[in-house]
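Below are the chains, spelled out letter by letter.
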Amino acid sequence: MKAMEVRLNVNGEAKQWTIAPGDLLLDVLRREGYFGVKRGCEAGECGACTVLLDGKPINSCLMFAAQAEGADVLTIEGVAHGSTLHPLQEAFLDHGAVQCGFCTPAMILNAKALLDRKPHPSEEEVREALAGTYCRCTGFRKPVEAVLAAAGAKR
Amino acid sequence: MSSGRTVVGHNVRKVEGVKLVTGGPAFTDDIQLPGLLYGKILPSPYAHARIKRIDTRKAKALPGVHAVLTYKNVPRVPHTTAGQAWPEPSPYDTYLLDSKVRFVGDRVAAVAAESRAIAEKALRLIEVEYDVLPAVLDMEQAMAPGAAVIHDEPDSKGIYDASRNIAGYILRGIGDVDQGFRDSDRIFEREYRTQRQQHCPLEPHITISWLDGDGRLVIRTSTQVPYHSRRQVAMILQIPVSRIHVIKPRMGGGFGGKQEMLLEDICGALALAARRPVKIEYTREEEFYMARTRHPQILRMKMGVKRDGTILASQLTVVATTGAYGSHSTTVQGNTGSKVLPLYRAEHMRFECHVVYTNTPVAGAFRGYGCPQGFFAQETLVDEIANDLGIDPVEFHRQNVIRLGDTDRLSAQLGEGKEGLPRIVRSCGLPECLDRAAAAIGWTGKRQALPAAGHLKRGVGMACTMQGSGIAGIDWASAFLKMNEDGSFFLQTGAADVGGGADTVLSQIAAETLGVSLDKIVITSGDTDTTPFDVGAYASSTTIISGGAVKKAAEKVREQVLRMAAKMLDTPVENLTCGDNRVSAVGKSATMTEIALHSMYKEKTQIMDGASHFNTDSPPPFCATFAEVEVDTETGKVRVLHMATAVDPGTAINPAQAEGQVEGAVAQGLGYALTEELVLDGAGRPLNPNFLDYKIFGAKDMPKLTTILVETDEPLGPYGAKSISEVPINGPAPAIANAIFHAIGVRFRKLPIRPEDVLRALREKETVADDQCV
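If you read the protein sequences in the order shown, they are chains A and B. Residue numbers for the first sequence follow our numbering, so the first one is 82 and each next one is one higher. Residue numbers for the second sequence follow our numbering, so the first one is -3 and each next one is one higher.
Heads up, some of the hints might be wrong.
[What the hints assert, rightly or not] Partial list, derived from the structure: chain A residues whose beta carbon lies under 8 Å from chain B:
#1 Glu123
#2 Ala161
#3 Phe221
Simulated from the structure, these hints should not be mistaken for laboratory data. The structure displayed is predicted, hence computed values, not measured ones. Virtual Cβ for every residue (Gly too), placed ideally from N, Cα, C.
With the hints as constraints, model all of the structure from the sequences given.
This is how it looks when you write it as C-alpha cells:
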C-alpha cells in the first residue's frame, strides 16, 4: 500500500505522520508512543482503545488513522496538566478505582467526555458513560464512585 | 485493626497509580524494540487430528518471514504448561509443537515475520494435510470403551490412565460416609453441571522475547509465574535457567489464566530461530479458545442430615474435563473437594473425582480454582435441605459451619496433588459475616414477604464459602531490602502483582515494619534477574506468603538500622524505636537519611537483608454472599438487584483494595451465574469467542454492591492478614440460584442460568401444576 500523510492534533500538539491507508488509529497512536491507548479486542467491544475525537469518545480500533485528518485527538497522556492530575485521575486513585489499570485510561476518557458535557451527572448517566468500557477487575462500584466524586469536586 | 499502625490498614494510593492514570508505559506491549518481528500461531481447525504432511517451504520463501517452526524443527520435551512449583503435580502431556493436534486452536506451526499481515499470510501458505480422528467432546463419553484416545503418545508422563482419557483420579475421605448416611434421618442427592468460563483479562496473553547483548534469552511477558515460566522454558528449549531472563511488567489482569506458561516457550523459540525480537499477542478471539478456561464439571452431591439439621455426612462425586491437556487437572479438582466439603463440620466426608481429557479448549487455573463449581453444588443443595427441613438457611449455616479452633481433617487427606496438611481454623469471622450480610440484604423481612402479584417476582438467597491462603507446605516466597542514602529502601520481591495491588500491599508491609512512610519504599517485582524467588501470584498466596517474606526481611533490616542508630546515638538498641522515618530514643533521634549516610560513608556498610517464608497451613478466608433477584416470569430474565458480600480476610492491609477484590470477584461470579459460557459446536469449534456473544457484566449490568470486611487477626499472616482475592467469587452462583428459588420456586442446577432455562422451567412447572389439577 502507498504511504500517505495525516495531519491531526494529539493532546494539543500538531502532528504530521506518514501512515498506510489501512492503518488503524489505534496502531498509529501506539506506534507513536501513546501507550495509554490499549488493544483489548480490536472489534469495538471492550472499549480499551478509547480516545476522544473532537471531544467524543470513539474506539480507535474501529477507525482508520486517515479518518482522523484534521481532528483533535485526546489520549490519556493529555488529560493531566503537567504534573497536576485531572480531578478524575485524582478521584480514581483516591477511590481505589484502579486495579490492573488496563482499562483505566478508557474509563477516565469516557468519564471526562461525560463531565465536559454534563458536569453533574446522575449515577445512571455515569454508568451509561462507562458502559462502553469493559473492566474485569473492579465490578465498577469504585470507578462509578470516583466519577461521581470528581464531579462533586468540580462543583 | 489499624490501631497504632501508620501504613498497614490504611487506604493508601496504589504505588504505581499515577503511571496508570496518566497512561505511562507499564504493560508488556508498552515498549518499542528495533527490528521487532510479529509472531503468530497456526491453530488447528480440527478437534482431533494427526498431521500427515506439513510443508512450510512457501511460507519460508515469503519475503519478510524470518522463522517458521513445526514439530519437525523444535525439541520434543514433554511438559505441563501449569505454572506450579516443581515438580508440578500436573501431567507432562504437552509439547512445544506436536505431530498431533488435540483441540480446535491447538498449535500446528508458528511463524515470525516483519509484520502481522506478513505473518498471517505466511500461516495461510503453510500446507497441512490432516488425518482427522474421531473427537471426544462430551466428558461423559471420554471414559467410555471405544472412545478415541487423546493422549496415545508414548512419552507423556504422569497421566492417570491415558487409554481411558483419564488425566487424573482422586478418591479421599474421612470417617465412614456409608455409616454417616445410615445414621442420617434424611438423605439428599442432586446432580449439578457447570460450564466453560473464560477469564477475559482486558489484556490478552502477550509475550515479547529477544536475545540480549550477551546472547541471553529475555522474555518480557504478562505472567503470574515469572520463576516457574523461566524453569519451564529452560526445560522445553533445553537451555540453562541462567541463560533466561523473565521480566513481568504490569499485568492487565490474569485471574489465574496467566498462572500458565502459555506463549513464553513458543515466543522464545521463534526469537532464537529468527535471532530477532519477536512479539506474540493473542487476539481476543484467540484468548477465548487458545488460552485457558475454568474446568467444566458434573457434580453429584449427597448429604445426610439429622432431623434437627445437623449434617452427618457429605459426599461429592465429580467428573471434570481438563480439555485437551491436563494443566492444573488434579489440583483444581482436588480443591473442589478439599476447600468445599470442610465448610461443614460433618464427621464423614468422601470426595471422588475423575478428570478426563476431551478434545476441547484447555482448562486451567481460574480464580476460585475448583471452588466455584463445588460451592455451587454444595450451597444450593444445603439451601434445598434447609428449606425441606423448614429451617432458615442462615440458621442452618450457623448450626453447621466450621468454627474457630476446628481442624479441617479433609485437607490433610487432600493436598496439592498428594496428601496435604491438616488445616486449623485460627481466625474465623464467618458468624459476623453472616449477620452483617444478612442485615445488609434485609434477609428476615424479605424471606417473610408475601409473593408479589404480577410477572416480576423477587427473592433473596445466600451462600457461605471459604478458600485458602497459599498452598500449605508448598508455596514460598522471598524478599530482599536494601537502604539508600536518602533513607529510602529498595524492596525486591519475586511476587507478581496481577493487578489487584500486591505491589502496594507488599510495600505497605515493608513501610510499616521499618517505620517509614510508603514513599520511602521503591518496589521491584517479578523479574528473575533482579528479584529473589517467589512461586508467583496464585492460590491467594501473595499477601500471606510473599507478605510474610517481606515482613521477615524488613524485620532483619530494621535490626540493622537500629544497631547502626545505636552507635550513632550512643544508646542501647532496646531503647530505640523506628517510626516516622527516623529512629528515636528519649530526647534524641536520627533520621533514616542520617542513618543511611552514616552507615554507607562512615561505616562502609550497606544495610540490606533478605528472607524466605512459607507456611505449613493455609488459613481460610471466609465469605457470606447474599443476593436479591427479580425474575421476570414472562421473559425468564433474572435481574440481580443487590449483592451483599461479607468477607473475613484477616487484616485488610489496604481495605479499599480489598473491597475492590471482592467487587471484581462478585462481577465475575455474576457472569458465571447468569451469562458466561464458551459454547462449542458439534465439531469442537468455539461459537462465541468475542465480547458480543460472550457476555460479561458491564457498568450498567452490575447490581447494587454492598461490601463488608469483617477483619480478624490471623496468627499465621503478616499483621494478621489472610487472603481475599478468590473467596468472593464462589458465592454469587449459589446465592443467586437460591434467590431464584425463593422468587419462583424453581431449582436450577446447571450454570449459567439463562432466560431460556428459566422460562422453560416455569413452563414445565405450570404443566405439572395443570396436570395435578386435572
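Against the structure, the hints come out as follows:
1. Contact between Glu123/A and chain B, as hinted, is supported at the beta carbon level, the nearest pair being about 7 Å apart and thus within 8 Å.
2. At a threshold of 8 Å, the smallest CB-CB gap from Ala161/A to chain B is about 5 Å, leaving the interface hint in force.
3. Taken as an interface hint, Phe221/A checks out: its beta carbon lies about 5 Å from the nearest beta carbon of chain B, inside 8 Å.
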